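Residue numbers (my numbering), protein chains in the order written: chain A, 191 to 231; chain B, 120 to 415.
Hints are supplied without guarantee of correctness; some may be wrong.
A few chain B positions that, by computed beta-carbon distances, are all more than 10 Å from chain A [claimed, not checked]: (1) L160; (2) L210; (3) T246; (4) V261; (5) E276; (6) A303; (7) V305; (8) Q356; (9) C359.
Taking beta-carbon pairs under 7 Å as the criterion, some of the chain A residues facing chain B (in silico) [said to hold, decoys possible]: (10) N201; (11) V206; (12) L230.
Taking CB as the label site, the calculated pair distances span [to be verified]: (13) E357/B with A210/A: 39 to 47 Å; (14) N253/B with A210/A: 49 to 57 Å; (15) A214/A with G306/B: 33 to 41 Å; (16) A214/A with F272/B: 38 to 46 Å; (17) K248/B with A214/A: 42 to 50 Å.
Honestly, the hints are just simulated from the structure, not real lab data. In this text the structure is predicted, and so the values were computed from the model without any measurement. Ideal placement from N, C-alpha and C gives every residue a C-beta, glycine not left out.
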Amino acid sequence: MGRARRDFVVNRVLIVLAVAAILAGLSFDQWQIVLRNAILL
Amino acid sequence: MKNEQWADAGEEGMSSQQEVKVGMRGVWARAARYRGAVQALSALVLNSYFTQRITKGLPCPALNCYACPAAAFACPIGSLQHFIERRKVPLYVLGAVGLVGALIGRASCGWFCPFGWLQELVYKIPTPKLRLPNRFNWTRYVALGVLAVALPFFTRESWFCKLCPAGTLEAGIPMALLFADIRAMVGTLYWIKLGILGAFLAWMSVTRRPFCRWACPLGALWSPFNPVSSFRLRVEQERCTRCGRCQDACPVDIRVYENAASGACIQCMECVGVCPEECISVTSPGWSLADDRGDE
Numbered sequence: 191m192g193r194a195r196r197d198f199v200v201n202r203v204l205i206v207l208a209v210a211a212i213l214a215g216l217s218f219d220q221w222q223i224v225l226r227n228a229i230l231l
Numbered sequence: 120m121k122n123e124q125w126a127d128a129g130e131e132g133m134s135s136q137q138e139v140k141v142g143m144r145g146v147w148a149r150a151a152r153y154r155g156a157v158q159a160l161s162a163l164v165l166n167s168y169f170t171q172r173i174t175k176g177l178p179c180p181a182l183n184c185y186a187c188p189a190a191a192f193a194c195p196i197g198s199l200q201h202f203i204e205r206r207k208v209p210l211y212v213l214g215a216v217g218l219v220g221a222l223i224g225r226a227s228c229g230w231f232c233p234f235g236w237l238q239e240l241v242y243k244i245p246t247p248k249l250r251l252p253n254r255f256n257w258t259r260y261v262a263l264g265v266l267a268v269a270l271p272f273f274t275r276e277s278w279f280c281k282l283c284p285a286g287t288l289e290a291g292i293p294m295a296l297l298f299a300d301i302r303a304m305v306g307t308l309y310w311i312k313l314g315i316l317g318a319f320l321a322w323m324s325v326t327r328r329p330f331c332r333w334a335c336p337l338g339a340l341w342s343p344f345n346p347v348s349s350f351r352l353r354v355e356q357e358r359c360t361r362c363g364r365c366q367d368a369c370p371v372d373i374r375v376y377e378n379a380a381s382g383a384c385i386q387c388m389e390c391v392g393v394c395p396e397e398c399i400s401v402t403s404p405g406w407s408l409a410d411d412r413g414d415e
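Using the sequences and the accompanying hints, generate a full structural model.
Here it is in structure tokens:
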């Protein structure tokens with residue numbers, strides 16, 4: 191696998207993982223935790 | 120093969136894909152001229168106050184204190200510490216930071232961070248300048264690991280927030296000026312925070328973006344994404360004469376030709392327009408793949 195191809199694959203995997211982490215966090219209501227913490231400061 | 124194609128890009132027979140890339144280099148060089156305006160607009164949007172009841176649940180793509188009375192978004196590092204203090208896995212915050220990193224690397228530092236913008240403005244004050252090598256810039260990883268992760272985990276206190284100069288400037292000083300009850304709470308820690316802010320303000324007047332280079336934990340989180348982000352710099356080594364103009368123009372004083380995808384690079388694009396050989400450009404792993412297919 192060439193370097194460009196490896197970078198491309200790593201980049202897309204990272205994007206998918208980041209979106210998955212956001213969705214998982216949202217399912218645990220972490221958006222509310224961030225909001226409440228930020229508003230209460 | 121790829122570099123030869125680039126070198127010949129101005130001549131006849133240029134493919135449409137090469138034309139796009141050459142054109143894009145001009146676009147980025149021109150865009151860098153408006154970076155100050157983008158930074159000012161970003162500082163306004165991140166501190167726009169009115170949307171905060173809804174948008175403060177979103178981590179902003181910059182180090183912007185959410186204790187600031189006008190802050191419209193959450194600080195990613197403050198939110199990260201909040202989860203760590205409570206022994207919860209910060210999936211949402213890490214996902215948001217990771218998504219920005221994977222898409223644009225540290226470009227947020229160069230284009231959207233109000234504290235980064237402040238450092239560039241203060242550096243314009245005519246004082247004797249001190250050029251420091253980037254050799255010890257791993258200290259930002261220490262700031263991340265110790266102040267934003269380890270200490271909050273063991274002491275259940277947001278230690279980075281307690282000492283953050285951006286927080287002192289955007290929240291500590293305005294809150295103490297606006298509210299008498301906060302003024303009454305001013306103690307030793309407040310004066311230490313002011314001292315840290317004062318030291319960084321003095322340092323940023325003589326050295327380029329010292330906080331970003333040696334102390335920012337958010338920059339430390341994004342640095343590893345630079346080599347694999349969807350948007351990054353590329354240098355054609357065969358054409359580069361190592362004249363050093365890219366380093367002179369760089370707000371973080373790096374030698375772009377040594378490692379264009381360096382974790383220290385804030386992808387501001389200032390170097391793209393100043394390169395006399397026009398050998399610095401913006402690329403993406405997707406475009407590189409298209410190149411590879413074209414070469415086969």
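For each hint, the structure was consulted:
1. L160: holds (22 Å)
2. L210: The assertion about L210/B is violated, with a minimum of 4 Å to chain A.
3. T246: About 35 Å separates T246/B from the closest Cβ of chain A, which puts it past 10 Å; holds.
4. V261: holds (24 Å)
5. E276: holds (14 Å)
6. A303: holds (18 Å)
7. V305: Given that every Cβ of chain A is farther than 10 Å from that of V305/B, nearest at about 17 Å, it holds.
8. Q356: holds (14 Å)
9. C359: Consistent with the label, C359/B stays out of reach of chain A, its closest Cβ about 19 Å off (over 10 Å).
10. N201: holds (5 Å)
11. V206: violated (9 Å)
12. L230: violated (10 Å)
13. E357/B with A210/A: 39 to 47 Å: Since E357/B and A210/A have Cβ atoms about 40 Å apart, the given range 39 to 47 Å holds.
14. N253/B with A210/A: 49 to 57 Å: Violated, at about 34 Å.
15. A214/A with G306/B: 33 to 41 Å: For A214/A and G306/B the Cβ distance comes to about 40 Å; the hint holds.
16. A214/A with F272/B: 38 to 46 Å: This hint is violated: roughly 21 Å between Cβ atoms.
17. K248/B with A214/A: 42 to 50 Å: holds (47 Å)
The structure shown violates the earlier hints numbered 2, 11, 12, 14, 16.
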